[in-house]
Every structure is written in structure tokens, then in C-alpha cells.
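Number of protein chains: 2
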Amino acid sequence: MSGSLAVVGLGPGDAALLTESARRALDAAEDVVGYFPYVARVPERPGLVRHASDNRVEVDRARHALQLAASGRRVAVVSGGDPGVFAMAAAVFEAVEQGEPDWRDLAITVEPGVTAMLAAAARLGAPLGGDFCALSLSDNLKPWPVVTARLEAVLRADFVIALYNPISAARPWQLGAALEIASGIRAPHTPVMFARAISRPDEAIRVATLAEARDVPADMATMVILGASTTRLIPRAGRTPFVYTARKVEEPA
Amino acid sequence: MSGSLAVVGLGPGDAALLTESARRALDAAEDVVGYFPYVARVPERPGLVRHASDNRVEVDRARHALQLAASGRRVAVVSGGDPGVFAMAAAVFEAVEQGEPDWRDLAITVEPGVTAMLAAAARLGAPLGGDFCALSLSDNLKPWPVVTARLEAVLRADFVIALYNPISAARPWQLGAALEIASGIRAPHTPVMFARAISRPDEAIRVATLAEARDVPADMATMVILGASTTRLIPRAGRTPFVYTARKVEEPA
Chain V
1 MSGSLAVVGL GPGDAALLTE SARRALDAAE DVVGYFPYVA RVPERPGLVR HASDNRVEVD
61 RARHALQLAA SGRRVAVVSG GDPGVFAMAA AVFEAVEQGE PDWRDLAITV EPGVTAMLAA
121 AARLGAPLGG DFCALSLSDN LKPWPVVTAR LEAVLRADFV IALYNPISAA RPWQLGAALE
181 IASGIRAPHT PVMFARAISR PDEAIRVATL AEARDVPADM ATMVILGAST TRLIPRAGRT
241 PFVYTARKVE EPA
Chain U
1 MSGSLAVVGL GPGDAALLTE SARRALDAAE DVVGYFPYVA RVPERPGLVR HASDNRVEVD
61 RARHALQLAA SGRRVAVVSG GDPGVFAMAA AVFEAVEQGE PDWRDLAITV EPGVTAMLAA
121 AARLGAPLGG DFCALSLSDN LKPWPVVTAR LEAVLRADFV IALYNPISAA RPWQLGAALE
181 IASGIRAPHT PVMFARAISR PDEAIRVATL AEARDVPADM ATMVILGAST TRLIPRAGRT
241 PFVYTARKVE EPA
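The listed protein sequences derive, respectively, from chains V and U.
Residue numbering for the first sequence follows the UniProt record's numbering, beginning at 1 and increasing consecutively.
Residue numbering for the second sequence follows the UniProt record's numbering, beginning at 1 and increasing consecutively.
No incorrect hints appear here.
If chains are identical, the list can't say which one is meant, so a pair holds when it fits in one copy or spans any two.
Simulated pairs of lysine to aspartate or glutamate, EDC-like, Cα-Cα distance not exceeding 20 angstroms:
#, residue 1, residue 2
1, Lys248, Asp139
2, Lys248, Glu97
3, Lys248, Asp60
Hints are computed from structural coordinates only; laboratory data are not their basis.
If we strip away everything but chain V, and leave its shape as in the complex, we get:
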């Protein structure tokens, strides 16, 4: 088959945070498939068909893209951040596994990108400087008891924790519940970082303590990073402190 499918990471928002390889994949595409705000980031040009959809049923979108590729088209499926981190790549491969046998022979590539936690960390300093986890708080595809069991495990093991999908209109209480669990395990002065819309015009950053964190507003565009015991603040006059996680971990008491 002559068609191809590239799953492309658009990074956190600013076009300068795309890789050159991702840019080339977009330039080569005949069809762009994705959630509409991501499709909107790909400039219109003659010969490019843009297929924008809403945020639901990723696997239907993936199937549509694979059908286009199987028909001989050069297709790009676009995701914010990195497509392999809580984004479209897993849905594409799920559709491949469950779909037509010859879809496995398609030229399918993934173009990595700067995922939200890396963009947020870069703006803050180096909060992911030690061992860290990426945990989605969404219980759409994962039972809530699994979320809390995983959260407790990594809280106790002193990982820095990047919380993806912290909150949405349909999931209003999960972030509060997660912070409550964290408060039972980590010290009240533990830094908690709220990084919203990094690299976009409405970017906003807030560094709080775990004790204050319940009162900090967050939305779907917010990445929440829970510091570890080794996460430190460097105060600066008139500016947000730098945040970093020390590389050295002491012998347990």
C-alpha cells in the first residue's frame, strides 16, 4: 500500500516548540486528522484536507485516519504535546490491532514532541530532576480505585508526580481528591506547581505549597506537578521562584 500515517506531536502550543521532523511530516501530509484545536494549529494550504473532530472517541478518529491511509493518502494525525503520552498514538495502535489485517503493513510513524510536563518543567526550572511519574487523573478509561492506588504508591515512593487530565467539566472532583490523598502522605510545605497553557498567550504559572494547593484554580489546560521531598524552591525578587528537584537522595533514615 502506498499510503502512510504519521502521528505527530505538536508540542505545548508555540509553533517554535515543534521538532523539525514533526514540521516536515505536517508539510508532507495530504490529510490532517485530529481534535479541532490541534487541527487548527496546522496552517491551511492548497491540497491539504483538514478533518477536525471533537474530543471524544479517539479510536473512531484513528480508524478514519487509517482508512484514509489505506486508500493511498498521506495522513497526519495530530496531538498536542507528545502523541505517545495520554494522546492519539495509543488509540491509533489500538485501531490497528483491531482493524483490517493489511493496516499492519502501512507505513505508520510517530513523531515525538514536547509533552506538557516537559514544557511545564522547563518553565519552572527543573522540577522533574529526579525520578518521576506521569499519571492521568481521568477515570474515563480507568477505574478510580486504580488511579488512587497508583497515586498512593508513587507518593509513598517519593516520586515527583505529573498529573495529566487533572480536571474537566465532567470530572470536577478528582484533582481535589488527589490533593487530599497527597496531603495525607507528603509534608504540607511540599511544592505543588500549576502550569497552565504553557507557551500559549494565556500561559499562567503558580507555585504553591501542598497545604495551599486545594485553593488554586485549575482547568483542562493545567498541568499539576507534585514535588517530592527533594524538590526545592529558589526565591527570586519579584518573580516566580525557580523550582528544581535535587539529584542527590540521602540514605533513608
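With chain V fixed as given, assemble chain U onto it according to the hints.
Chain U only, in chain V's frame:
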């Protein structure tokens, strides 16, 4: 102070995997500071001073870069992958915290990049499609019992696990010990991915089972990813299988 310091992520190797923003930071630099193979990736040009060092004492390198910036130079500190993930950014902020008070007023920025686990995952399919952790197996700055306690916690909580710094001449046994611990907790058929030198001329990928993993060679340039219970293979005729982690997690039994 007029100097500046950018901590720049060079990505996994291929120059096309840099962001445009990282490229601009390199183009603007008067001094490049870093481990010599990373400095070598920055093309020579008139007016650019390259300060290459060996792989030790990151904080000395960071201090040197900060001194240059404080003297008014535009400095880039380069790291492979993303500078915030087991790389130079944490060392730079450690040096800021412990250094001259006016270093805090310098224009210090971090340019994120494609870290090794994202590059490896993109090549394999979507193995990081669920919750995942990044854990360094190096016990240079962290006691080995902390490494094993963290590893056991995330193995039991069914995270996908990206192992950074799995092995080196000075640390020859840690990867084997980690795989032994994993074998006691995860099923023998669990996929384990070895992704070496991704995007570089000597790139090599191997997908094994946990039962086979002890016999797969690895080195400093290898990223090892331990699959979760939901990590699946999609066989392909004559090619490495696609690997992805299903987004859906079932209710615990």
C-alpha cells in the same frame, strides 16, 4: 546583568528532532558548555566558543556556565534529550541555589527537548500509552535501596517503567538486578523494550519478553522500557512488532 544562560535539550541525536526554539538558542549562543559528545552536535561557527568536558561533576560545569553568563556572555548549556530529565537542568539550578546571590537575577531559560523515553516510544509504537514512570538506575547520587524500593512500588502499581542510565562500565550489575526484581512481580511474557541510540546511525531496537530480557545486551546508550500488564504487541510480517499500552484499564479483580 546582561548575560544569559539557556539550558538546551538536543533531543535523542538526529538534528531534525530539535525544536526550533532550541535551535534558535544555539544560534544565539556565544559559549556552548557541556559533555563533549553533546557539544560536538553544535556546529562550529565564528564567534562561538565551545567548552567541552567529560561526563563527571555536572555541577562544576554548571558553575562555569553561570560564571560566563554573569560576566555578560550568552551561554548555552547543552544536554542530550530533555535537559530536565536526568540531565543538566537540575545541576544548573543546584549551582544557582548554592552560588552567588546575583546569579538568581540572570536570564536563565530551559529549552525542552525530546527525552530518550519519548524517542524510543515513538519508534516502538505507543508503549507509554498508559501511566508511566521514569526511573534512573544510577546509584551514584541515590542509594541502591531507594532505587529498588521505587522500582518495586511502580512494578506493583502496574506503571510502564522507563529505565534511564540502565548500565555503564562502572555500574555493570544494576540492570540485571532490576530485571530480577521485575521478574518476581510481573508475568514472564511482559514485553521489555531495548531501544539503543534512537535516531542515530547505530540505532537498534529489540523487543523481548521479561523472561528473555536478562540475555539482551544493553549499554549506556540503551533505554529500557518495562511494559505493564496492559502493554501489547502487534505482530508484523518481517518487522519488529508494534508495541502499545492500551488506554483502558479493567476493574481490579
